[in-house]
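There are 2 protein chains.
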Amino acid sequence: MTAVAELKEILAEVADVGRAAGLLSWDQETYMPAGGVASRAHQVSTLRRLSHGRFTSAETARLLERAEAETQSLDYDSDDRSLVRVTQRDFGYAVKLPPDLVAEQASAVTTARPVWITARAESDWKIFEPAMQRTVELARRVADAYGYEDSPYDALVGRGEPGLTSADVSRLFDDLKAVIPPLVQRARQAGGLDDKLLYGDFDEARQLAFAERTISRLGFDLDSGRQDLSAHPFCTSFGPGDVRLTTRVSRQHFPQCLFGSIHEAGHGMYNQGLPDRLDRTPLWGGATSGVHESQSRLWENLVGRSRPFTRWLFPLVQAEFGGAFRQASAEDFYRAVNVVQPSYIRVEADEITYNLHILMRCEIERDLIEGRLAVRDVPEAWNAKLSEYLGLSAPPDADGALQDIHWTSPSLAGFVGYTVGNVIGAQLMEAIRIALPELDAELEVGEFAPLLGWLRDNVHTHGRKFTPNELLERVTGSPLSAGPWVAYVRRKYGDLYGLAD
Amino acid sequence: MTAVAELKEILAEVADVGRAAGLLSWDQETYMPAGGVASRAHQVSTLRRLSHGRFTSAETARLLERAEAETQSLDYDSDDRSLVRVTQRDFGYAVKLPPDLVAEQASAVTTARPVWITARAESDWKIFEPAMQRTVELARRVADAYGYEDSPYDALVGRGEPGLTSADVSRLFDDLKAVIPPLVQRARQAGGLDDKLLYGDFDEARQLAFAERTISRLGFDLDSGRQDLSAHPFCTSFGPGDVRLTTRVSRQHFPQCLFGSIHEAGHGMYNQGLPDRLDRTPLWGGATSGVHESQSRLWENLVGRSRPFTRWLFPLVQAEFGGAFRQASAEDFYRAVNVVQPSYIRVEADEITYNLHILMRCEIERDLIEGRLAVRDVPEAWNAKLSEYLGLSAPPDADGALQDIHWTSPSLAGFVGYTVGNVIGAQLMEAIRIALPELDAELEVGEFAPLLGWLRDNVHTHGRKFTPNELLERVTGSPLSAGPWVAYVRRKYGDLYGLAD
Chain A
1 MTAVAELKEI LAEVADVGRA AGLLSWDQET YMPAGGVASR AHQVSTLRRL
51 SHGRFTSAET ARLLERAEAE TQSLDYDSDD RSLVRVTQRD FGYAVKLPPD
101 LVAEQASAVT TARPVWITAR AESDWKIFEP AMQRTVELAR RVADAYGYED
151 SPYDALVGRG EPGLTSADVS RLFDDLKAVI PPLVQRARQA GGLDDKLLYG
201 DFDEARQLAF AERTISRLGF DLDSGRQDLS AHPFCTSFGP GDVRLTTRVS
251 RQHFPQCLFG SIHEAGHGMY NQGLPDRLDR TPLWGGATSG VHESQSRLWE
301 NLVGRSRPFT RWLFPLVQAE FGGAFRQASA EDFYRAVNVV QPSYIRVEAD
351 EITYNLHILM RCEIERDLIE GRLAVRDVPE AWNAKLSEYL GLSAPPDADG
401 ALQDIHWTSP SLAGFVGYTV GNVIGAQLME AIRIALPELD AELEVGEFAP
451 LLGWLRDNVH THGRKFTPNE LLERVTGSPL SAGPWVAYVR RKYGDLYGLA
501 D
Chain B
1 MTAVAELKEI LAEVADVGRA AGLLSWDQET YMPAGGVASR AHQVSTLRRL
51 SHGRFTSAET ARLLERAEAE TQSLDYDSDD RSLVRVTQRD FGYAVKLPPD
101 LVAEQASAVT TARPVWITAR AESDWKIFEP AMQRTVELAR RVADAYGYED
151 SPYDALVGRG EPGLTSADVS RLFDDLKAVI PPLVQRARQA GGLDDKLLYG
201 DFDEARQLAF AERTISRLGF DLDSGRQDLS AHPFCTSFGP GDVRLTTRVS
251 RQHFPQCLFG SIHEAGHGMY NQGLPDRLDR TPLWGGATSG VHESQSRLWE
301 NLVGRSRPFT RWLFPLVQAE FGGAFRQASA EDFYRAVNVV QPSYIRVEAD
351 EITYNLHILM RCEIERDLIE GRLAVRDVPE AWNAKLSEYL GLSAPPDADG
401 ALQDIHWTSP SLAGFVGYTV GNVIGAQLME AIRIALPELD AELEVGEFAP
451 LLGWLRDNVH THGRKFTPNE LLERVTGSPL SAGPWVAYVR RKYGDLYGLA
501 D
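The listed protein sequences correspond, in order, to chains A and B.
Note that the working numbering has the first sequence beginning at 1, numbered continuously upward.
Note that the working numbering has the second sequence beginning at 1, numbered continuously upward.
In isolation and in its complexed conformation, chain A is listed as follows (with noise of 0.2 Å):
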């Protein structure tokens, strides 16, 4: 038996475990009660310790050896290379936690997420204070145990993203930042576009069975997987052939569980397209977050609010749902989906401010991992960046710093991956327009299996086995920039709000 061959057995155990703590977690956000929190913690942790300490064994250490002298011949993008490099990567962090890291991890999210419930429901920060503050001190144990020169918050950008730096994250979200607010500015004085029409009273249960067809037509295989309902949309999947999206609804705002809907799919659908061979191997998922949000974010924005599938999607709107609809046109339904007006809740937020969103948390994170910010003041930093970066005033909590789930997981540098998704997305859509010239054409009847199919060959197919780069390098010929998403926003909106340019 070769070394890769043994390995492949230990890893496979280690993802079966994942997997199972993934189902926990799931179960936790959708259906356990709540007298489950308890139990449920002491599970989590206890197999998450399990995989660690099956992952980061000796025995793991010797065969990752032997197994590189086996592979180092083999071409770098073949699976068993790949596997080799993605593994020892996952090793070299892994074997730095001690166990009770790990189990402790586990247990402060499943133990924070009631907090949250309950801190966000009650609209008070002052509740989830002690939860925030053991995420902070857990996620700089981490970074402390992972290295760092600089600051600690390199040590989990690096983690999350591999490749990126935080000074490569500053320069993208400068590159964000000196373009954002001035097109904004200039959309706002144009003015012109309202969302009125998605305001009203639609029936909750049609809302869920309309967004769970279209997202089925747009590719999301529902017998290999399902949607239910959670506080904060998510995907989890458990293996090729169950992957699990969460949503929300609104009886009065029509675009949160469509838009939501969509956008998990996109995940959903990265997940569905990962070859069955990689399965239970790390290079069984996707890339990193932010490449999984570039799947997610160009579902749910480059194809989603374009106006070639608001014009296939609106008379299928218009007959689910009647009211208002049925005095509009798909026109009015692309312009009121695409207003850009600085809000308060990041998911809900528009394409071009979305950025400011994950900017004032990235630099909160950053701040309180590195001591310059108290978890106590996180509110006030939080109203202090909303009224500098999108000029508004400060919220209750709830719709403030209480309104993301992220901050009950203490891998603290998780709202970068957002960004770069954006980023990325755009890039990679720049490369789909050469490749499939007639994409508007097709979006506009519906038929997006070239779409889906460009992404499988080129994203889906890859799994773990490229950082950000490597595959943006590969599939567009260059590493990740913000120009793509520049220049796709200054045309749309440039567009929709007829500025000259």
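These are computed hints drawn from the structure, not numbers from a lab.
Careful: at least some of the hints might be erroneous.
One copy or two, either will do: identical chains are not told apart, so a pair holds if it fits within one copy or between any two.
[As the list claims (entries may be wrong)] Keeping only pairs whose Cα atoms sit at most 20 Å apart, straight-line, the calculated SDA-like set for lysine to any residue is:
1. Lys177 / Glu438
2. Lys385 / Leu101
3. Lys96 / Val317
4. Lys8 / Ala38
5. Lys196 / Gln318
6. Lys8 / Asp150
With chain A held as given, fit chain B onto it using these hints.
Chain B in isolation, oriented as in the chain A frame:
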């Protein structure tokens, strides 16, 4: 640190992994998409193998030995001495099973489930035959590993119901066989009852909501549990605050959902009544399947189908469902839910004929495992016994040998527990009636706390400390005996059918 304390740490981990595996199975029956089967089989078998490995380690063996010495001066029923005793028993069985057999068992169950669903849907035993073949082979290997004197069936019965032999089981069934057929015959001859009232058109969502309100009134805590739909109802628990029931609902046949839910809630209240201090140890659980079934059958039948309970329940049924119920009386309802009538489906059988359903399954299981019956001949054997015991002609496979989910699981002696449970339930009820002389008056006004309190204090609180006979001796002064059940059905059905005795 004492050996007991060290042992508890290992046992807590084993419990966590077991509960995670339990969630994997619950999810498979409730929400998992069809495509998830292959991955799920890997996950369950990896978890079962890991937990088996941890439990049967040399470390556990050493600690158990030291813990026994530490606890031998404690009372027999003390937490720690009971923990050591029960863990030794579990360990003795577990250590005999090779890890691969454990993993294979787990994987077999997971993959057999969808096959059973298809086979039942198509009503074709042939489809299920290969899965059943595997079940029987695995059960034989397990029995061989456990060891036995006369029959491999003994090994499995003793594992499921410690202290009981298959000779005890035979005696029990002989006692019942002497009573049931003549009683059924007399009731059928007397006639005068019918269940037409229970057939109609009952909205499914309302049935589910009504069932949930009812079990909540009985004492099932919905903050520490929930109810979902599945093909075959069951109860499973992931900790003191997380007890899951499933049910099913028929639009046409009213009792299925309501009495099925009460049955599962009986299991659920048992688990919710286990003391927190036993959590994450082998003592946290029902004593045996048989004792567990005593709780579900007690609530379903000895309470649910009693005259005082139906007097309380029926006005609520009338108010919620109207229709034919409006013209009927509580007494009509009581009589309708107690019609004695040989029928095809075990879970819908009346209290009396139910045990004949179990008897024939037990005989088939025994013949299969002893090699006297081939898997392909099960439907034939089924139909022969159906004719002999219940006087019914051959049904389609879906309503015959394919009706129960149990044979997807290699614990091929599971049905015994059902009759054991019926009998124990009646034994307990005799003791309850002495302790709670006002029970009927309480049930009639929907006061269930005294009964639940008694069960908590006398049964639930002990968890897995005692064998069925130990528990019965302690609570009722007698070991397992068919006497109280026989007296109960003679009295109840003698009254219902006006039989002179």
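#### Entry: Within, between, both or neither: Lys8, Asp150 at alpha-carbon 20 Å
Close neither inside one copy (36 Å) nor across copies (44 Å); limit 20 Å.
- Homo-oligomer pair classification [Leu101, Lys385; C-alpha up to 20 Å]: Answer is neither; intra-copy 32 Å and inter-copy 59 Å both fail.
Worksheet item: Between the shortest in-copy and the shortest cross-copy C-alpha distance, which are at most 20 Å for Lys177 and Glu438: within, between, both, or neither?
Response: Classified as neither; 33 Å inside a copy, 77 Å across copies.
Quick one: Lys196 to Gln318, C-alpha cut-off 20 Å, is that within a copy, between copies, both, or neither?
Classified as within; 15 Å inside a copy, 46 Å across copies.
Subject >> Intra- versus inter-subunit Cα pairing at 20 Å for Lys96 with Val317 >> reply: neither (52 Å within a copy, 62 Å between copies)
Between the shortest in-copy and the shortest cross-copy C-alpha distance, which are at most 20 Å for Lys8 and Ala38: within, between, both, or neither? between (34 Å within a copy, 17 Å between copies)
The structure fails to meet hints 1, 2, 3 and 6 from the earlier list, while all remaining hints are met.
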